[in-house]
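Colleague: Fit chain B to the supplied structure of chain A, relying on the hints for placement.
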Amino acid sequence: GENVEQHPSTLSVQEGDSAVIKCTYSDSASNYFPWYKQELGKRPQLIIDIRSNVGEKKDQRIAVTLNKTAKHFSLHITETQPEDSAVYFCAASTLGGNNDMRFGAGTRLTVKP
Amino acid sequence: EAGVAQSPRYKIIEKRQSVAFWCNPISGHATLYWYQQILGQGPKLLIQFQNNGVVDDSQLPKDRFSAERLKGVDSTLKIQPAKLEDSAVYLCASSARQENGYTFGSGTRLTVV
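Heads up: the protein sequence lines correspond to chains A and B, in order. For what it's worth, the numbering used here labels the leading residue of the first sequence as 246, then goes sequentially. For what it's worth, the numbering used here labels the leading residue of the second sequence as 14, then goes sequentially.
Rather than coming from a laboratory, the hints here were simulated on the basis of the structure. Treat the hints with care, since some could be wrong.
What the hints assert, rightly or not - Under the rule of at most 30 Å between Cα atoms (straight-line distance), these lysine-lysine pairs were calculated in the DSS-like manner:
| no. | chain 1 | residue 1 | chain 2 | residue 2 |
| --- | --- | --- | --- | --- |
| 1 | B | K28 | B | K75 |
| 2 | A | K302 | B | K57 |
| 3 | A | K303 | B | K91 |
| 4 | B | K24 | A | K303 |
| 5 | B | K57 | B | K24 |
| 6 | A | K287 | B | K24 |
| 7 | B | K96 | B | K75 |
| 8 | A | K267 | A | K282 |
| 9 | B | K84 | B | K57 |
| 10 | A | K282 | B | K91 |
| 11 | A | K302 | B | K24 |
| 12 | B | K57 | B | K91 |
| 13 | A | K313 | A | K357 |
| 14 | A | K267 | A | K316 |
| 15 | A | K316 | A | K282 |
| 16 | A | K303 | B | K75 |
| 17 | A | K287 | B | K75 |
| 18 | A | K313 | B | K57 |
| 19 | B | K28 | B | K96 |
| 20 | B | K24 | A | K282 |
| 21 | B | K91 | B | K24 |
| 22 | A | K267 | B | K96 |
| 23 | B | K96 | A | K303 |
| 24 | A | K287 | A | K303 |
| 25 | B | K24 | A | K316 |
| 26 | B | K75 | B | K24 |
| 27 | B | K57 | A | K316 |
One chain only, chain A, in its complex shape (with noise of 0.2 Å):
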């Protein structure tokens, strides 16, 4: 099945700064790669995601880059804010086919002001 790991497990930046998560997965099939911030004691939410027909794909202060060659995709933040202080989940799932998701094992952010 499915392996996504992510990196770093901790990130601190100040405020303004840019902020970097990495994830890789194993399987060739994933096409689908969403990304959840998660505050302490809530449900992940889904903040931006990306298929594998796409490279990259921004929101405002977010954006996503997918390696389909390499299984890699990551999660770029830019002039960080304290409310942007989470934690951070990489996915990946096949969607059409069993679209079962796996998680990376999270990336906690702190946004010193």
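Modeller: Relative to chain A, chain B alone:
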């Protein structure tokens, strides 16, 4: 659109006791998932239903965990008997087959003492 409903929000039980969690997915979502999230880790898929059929239960500890989705709508997840290591948040999620991403419920935080 109503979200994914889960109950209870919190549950404390002693080891070797039984417990059941309930999930009501978003109306019309054929696929329902149960995830276990241990503190500090990413969600781990326990079982996936497509309507009322099981698609993937490879990571479900079947000696103590069971789940059902009668009539392809609501689902219950049961643990019998519980162990200390079952302490976690149990997240239910649902998706339409070809739709982007999942919607998670608020989860049930289980503490086994």
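Colleague: Each of the hints needs a verdict: does it hold here or not?
Modeller: Taking the hints in turn, this is what the structure says about them:
Note on B/K28 and B/K75: the hinted pairing holds, with a Cα-Cα distance of about 17 Å set against a maximum of 30 Å. With a CA separation close to 26 Å, the supplied pair A/K302 and B/K57 stays within the 30 Å bound. Taken as a hint, the A/K303 and B/K91 pair is broken in the structure, with Cα atoms around 41 Å apart against an allowance of 30 Å. A C-alpha spacing of about 40 Å is found between B/K24 and A/K303, which places the hinted pair above 30 Å, so the restraint is violated.
Restraint check for B/K57 and B/K24: satisfied, since their Cα atoms lie roughly 20 Å apart, inside the 30 Å limit. Restraint check for A/K287 and B/K24: satisfied, since their Cα atoms lie roughly 16 Å apart, inside the 30 Å limit. Between B/K96 and B/K75, the direct Cα distance comes to roughly 14 Å. Compliance with the 30 Å bound is thereby established for this hinted pair. For the hint pairing A/K267 with A/K282, the CA-to-CA distance comes to about 14 Å; that is within 30 Å, so the pair holds.
Proximity of B/K84 to B/K57 is assessed by CA-CA distance (about 25 Å); at most 30 Å being required, the pair is judged to hold. For the suggested pair A/K282 and B/K91, the alpha carbons sit about 28 Å apart, so the restraint of at most 30 Å is met. Between A/K302 and B/K24, the direct Cα distance comes to roughly 40 Å. Violation of the 30 Å bound is thereby established for this hinted pair. As the CA atoms of B/K57 and B/K91 are separated by approximately 16 Å, the hinted pair is consistent with the 30 Å bound.
Straight-line distance between C-alpha atoms of A/K313 and A/K357 comes to about 33 Å, which puts the hinted pair past the 30 Å bound. Our distance criterion of 30 Å between C-alpha atoms is met by A/K267 and A/K316, whose separation comes to about 11 Å. Restraint check: the Cα-Cα separation between A/K316 and A/K282 comes to about 22 Å, which is no more than 30 Å; the hinted pair holds. Distance restraint check for A/K303 and B/K75: the Cα-Cα separation of roughly 42 Å exceeds the 30 Å cut-off, and the hinted pair is therefore not satisfied.
Under the criterion of a C-alpha separation no larger than 30 Å, the hint pairing A/K287 with B/K75 is consistent with the structure, at around 28 Å. For the proposed pair A/K313 and B/K57, the alpha carbon gap of about 24 Å is at most 30 Å, so the pair holds. A hinted pair counts as satisfied when its Cα atoms are at most 30 Å apart, and B/K28 with B/K96 qualifies at roughly 5 Å. Distance restraint check for B/K24 and A/K282: the Cα-Cα separation of roughly 24 Å lies within the 30 Å cut-off, and the hinted pair is therefore satisfied.
Straight-line distance between C-alpha atoms of B/K91 and B/K24 comes to about 13 Å, which keeps the hinted pair within the 30 Å bound. Using a Cα cut-off of 30 Å, the hinted pair A/K267 and B/K96 is violated, with the two alpha carbons roughly 34 Å apart. In summary, the hint linking B/K96 to A/K303 is not supported, as the alpha carbons are separated by about 44 Å, beyond the 30 Å threshold. Of the supplied pair hints, the one linking A/K287 and A/K303 holds, its CA atoms being roughly 25 Å apart against a limit of 30 Å.
Straight-line distance between C-alpha atoms of B/K24 and A/K316 comes to about 39 Å, which puts the hinted pair past the 30 Å bound. Restraint check: the Cα-Cα separation between B/K75 and B/K24 comes to about 21 Å, which is no more than 30 Å; the hinted pair holds. A hinted pair counts as satisfied when its Cα atoms are at most 30 Å apart, and B/K57 with A/K316 qualifies at roughly 21 Å.
Violated hints, listed in ascending order, are 3, 4, 11, 13, 16, 22, 23, 25; each of the other numbered hints is respected by the structure.
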